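Please model the entire structure based on the sequences and the hints provided.
Chains as they are written, first to last, in this note's numbering: chain A, 1 to 573; chain B, 1001 to 1573.
Hints were generated in silico from the structure; no laboratory data involved.
Computed from a prediction, not measured in an experiment: that's the story for all the values here.
Simulated crosslink set (DSS-like; lysine-lysine; CA at most 25 Å straight-line):
(1) Lys1178/B with Lys1229/B
(2) Lys513/A with Lys538/A
(3) Lys371/A with Lys199/A
(4) Lys1538/B with Lys1513/B
(5) Lys1229/B with Lys1161/B
(6) Lys1371/B with Lys1199/B
(7) Lys538/A with Lys1371/B
(8) Lys1538/B with Lys1516/B
(9) Lys371/A with Lys1538/B
(10) Lys229/A with Lys178/A
(11) Lys1480/B with Lys1513/B
(12) Lys1284/B with Lys1018/B
(13) Lys284/A with Lys1516/B
(14) Lys1513/B with Lys284/A
(15) Lys284/A with Lys1480/B
(16) Lys229/A with Lys161/A
(17) Lys480/A with Lys516/A
(18) Lys516/A with Lys1284/B
(19) Lys1018/B with Lys1203/B
(20) Lys1284/B with Lys513/A
(21) Lys161/A with Lys178/A
(22) Lys1284/B with Lys480/A
(23) Lys1480/B with Lys1516/B
(24) Lys516/A with Lys538/A
Chain residues, written in single-letter form:
There are 2 protein chains.
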Amino acid sequence: MSSLRWLPITDWLPNYRKNWLPGDLTAGLTVGIMLIPQGMAYALLAGLPPIHGLYAATLPLILYAMLGTSRQLAVGPVAMDSMLTALGVGAIAVVGTSNYLMLAAILALLVGVIQLSAGLFRLGFLVDLLSRPVISGFTSAAALIIASSQLRHLLGVDLGKTTSFLETMTAAIGNVGKANGYTLALGIGGMLLILGLRKINRKIPAPLFVVGGAVLLAWGFGLNALGVKIVGDIPAGLPALQFQLPTMAQIGLLFPTALAIALVSFMETIGVGMAVQRRHGNYKVIPNQELIAVGASNIGNALVGGYPGAGGFSRTAVNDQAGANTQLAALISAGLIVLTLLFLTPLFYFLPQAVLASIIMVAVFGLVDVKEARRLWSLDRNDFWMLAATFMATLFLGIQLGIGIGVALSLAVHIYRGMRPHLAILGRLPGTGVYRNVNRFTELETIPGVLILRFDGPLFFANVGYFREQLATALRQREKPVSTIILNAEGISSMDSTATDSLRDLLEELSNKDTKLIMAGVIGPVRDTLFHSGITEKMGAEFFAFDVADAVALINQPLHLRPRPEHATQCNQ
Amino acid sequence: MSSLRWLPITDWLPNYRKNWLPGDLTAGLTVGIMLIPQGMAYALLAGLPPIHGLYAATLPLILYAMLGTSRQLAVGPVAMDSMLTALGVGAIAVVGTSNYLMLAAILALLVGVIQLSAGLFRLGFLVDLLSRPVISGFTSAAALIIASSQLRHLLGVDLGKTTSFLETMTAAIGNVGKANGYTLALGIGGMLLILGLRKINRKIPAPLFVVGGAVLLAWGFGLNALGVKIVGDIPAGLPALQFQLPTMAQIGLLFPTALAIALVSFMETIGVGMAVQRRHGNYKVIPNQELIAVGASNIGNALVGGYPGAGGFSRTAVNDQAGANTQLAALISAGLIVLTLLFLTPLFYFLPQAVLASIIMVAVFGLVDVKEARRLWSLDRNDFWMLAATFMATLFLGIQLGIGIGVALSLAVHIYRGMRPHLAILGRLPGTGVYRNVNRFTELETIPGVLILRFDGPLFFANVGYFREQLATALRQREKPVSTIILNAEGISSMDSTATDSLRDLLEELSNKDTKLIMAGVIGPVRDTLFHSGITEKMGAEFFAFDVADAVALINQPLHLRPRPEHATQCNQ
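Encoded structure:
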């Protein structure tokens, strides 16, 4: 049976090996058990009833298992997307209403359609626009925002509607005095217990123990009567399949959020997927197919009344460590959630919301990455400031704007660097054919009448003016007149039409002054461009030299007299 | 007397030579005579009474003459800025009201402040973001939009309010039948006469002849009684100085237009200024100082009840050809306008508006550049599409959006090229130390166990993933195992922290497979980056080779046994 490229399950399922089963079974059950408290906690974070977090862990997992190229990735509700859902839907609907539920599902549909289309149009490369410093700054700030949003549950105090990190923190700090002692104790106790159990063994499903213990405590001592908020009645049974086409107005309102979630959730999915794949190497994660798979999974979320999800970091790590070999593990996890929905929902009646908050708190605190900031401070100051700017923008201007500002800033820096590339004046190491930067090496000699310049970057519209200015400055700084300019073009990776036009102007100017320009070490694609532009024709074969030493030889000895064949002008036109 | 750097007039006025005067006088008078009809025509285009175009040719010219670095640039009303003013102010005020006049002056103030601040903050480099194809596509489309806006004056028909090129053209074509014959005859006759006189001698102030002739015709035959619209009463005297601080609401409404005009008018100014300077060479145009000068000139426009202007193409060309040596010519032009305002305004009572439209028509048709589009079609298809996209966006989405889309597109293409740079697998020319691209040169030999790769561009966050993918593909395609990878890094102009992190991962992966990586021809700044990242330390001196031939020698012979000193690892830390 041959495999279908667009359906990766046809790749591994027909070739399934018996010895993969124990690993898949263990991993699938472990992740399923993790998913129960995590799914409920994240749904609460997203502003939905906890049970919808379990709905989001059914069909979406199955769809990803069939379409995804990663074999260990565990998709489902994740912290960042939950937070973004709360922000986006919370701005246009009231938490707890059926309208809110419907808009969350529509958001998942939009995210899914955006991701699916991006995959079909092969836009997976866009994820490369996110640099590590931007991702790090964004993630740290988002983690703090998410943690701050849980303070109300941890304190057991209604903080009212807050729309920014500062507002939330101010409200929380101002209301510490009104905290419900039992709620606070449960929340902090939960956090400490999770951290403690993790210290003992990372494979222990700590959140499940904490949830179990808290349910028993709340039930035994009737904590709900003492002001501790509990989850309460949960409808049993599988989610009803639903589908509703959004109106244009809803699309307009939700689109910016959908775009941010589509990007962030794909970024998390592909980042985690790539990291795990690198440890295995027996399969390949294909970005565009991942977009299709996570997009389909999010459309699945819309069908079961869930909300946007992604490939999550913590559950994928557990899945991998517990021995998952294929996506069968994910199918087993989904099966466990289905059983829970059918038979176990009454067990969660007494679950205190503070405990769900403590699960989220522990999960996101691990995402605050101070180490990376300190490392960049000493390694690359530019990238440190990029991280800091993205962090500040995300924390104070919001999650959606933060990632956009980070990407825009890193592209702006890239463009600015391209506008002002490094260049060097070269000199000859006496007695050799070696030419180096005169500012870096001592004892280099200048050849009378010859200026040798190296330009390190593509020559294009945004830097060709700078190039000509720098050349003019270099010419002015030479005391004696220059009759030949040698341009070491090894680093000129491409030229656009603005650059070739400007080069033509320059050559004319130079020829009026009887100055010759020789291009040394020009790479193939640039030779092609120069050939097409007609410049080569006008300048003749002596315009190109193999390298700087060759160009220097050219000055005194015309081409046809030199013994060595000229490879540099050969070109596969 | 030493010159003040911020006041270029102190540079040329104290050193003024007597033999410059005849040229300055001729040029100043010629441009002044041109300014009278052009200023009135452009003011009408901007939606202002014609006399305000003359106001805009007084103080602004004097301010530029003192602050500007170009000695031939003729500032004042120009077509593009007039059109943008009509669009921006026309959207929030009614033409002919005093509110419209006030908002036009406030717009000039905003444009001036933006340009002045940009100059003080040294943002002149931003003009480099405009590539030639974008400028060409934008200018051609803007010229068509401006020409279409004059059809109502040429036909002598009220076309009502139109907001797009398509709407204007549809309305004009639908109303051709209602055209006033006298108006149409005057307009078309005016255009033909200007073109005819130009053919004879470009120095003839053709528009002035046409204006004079038309005034005589309109007066002699009483054309205004036959439905030909005339300029009518013009207040005599100099403009009253005015200054009004804008409200926040006005700033909010006008800011996008002000930003577009600030960019476009600076682009025109610097482009024209640079072009003329290149012909002279006895002074230097400094972009940031030009921003300050044209900004001050626009603030001057706000003070005299003008509207945003720039250094214009046609008048600067005439100024230069007529022999202008310094900005004294501009001061003489301003003087002529002042005399006109004081004594000659009654002469323009009978001037038909259709004749002003014909002056604009002829001026802008010269800006439609089909030749450039055809040249790019055969030279650089990418740049042709860039021109076409900017042209279409400007024509159908509007002038303000068009230039933004053009810039965004050209930056996107630049970024995309940077994400997928050219790379080549190199082979050795038998019997030499010369290594070239195996896809371009035949008869190259492969060294067993050695993969030689050249990467042409900076290695940064957006392409390091691509680099690793391409390397992995190249390794897979080799039939026999590779023990050494040589990376020709001459074209790697910089590396950011994402790239060094990824390189560290790669080196670890490779060392697990007992594969060595040698970087050949690394330029100084990249060596510095690698040194700071700690990679150099870990890899030792053998990590760097002088060039590919050197790296091949390194494989069999460790560093300390080789006779030639290793210059490549020397570094000015």
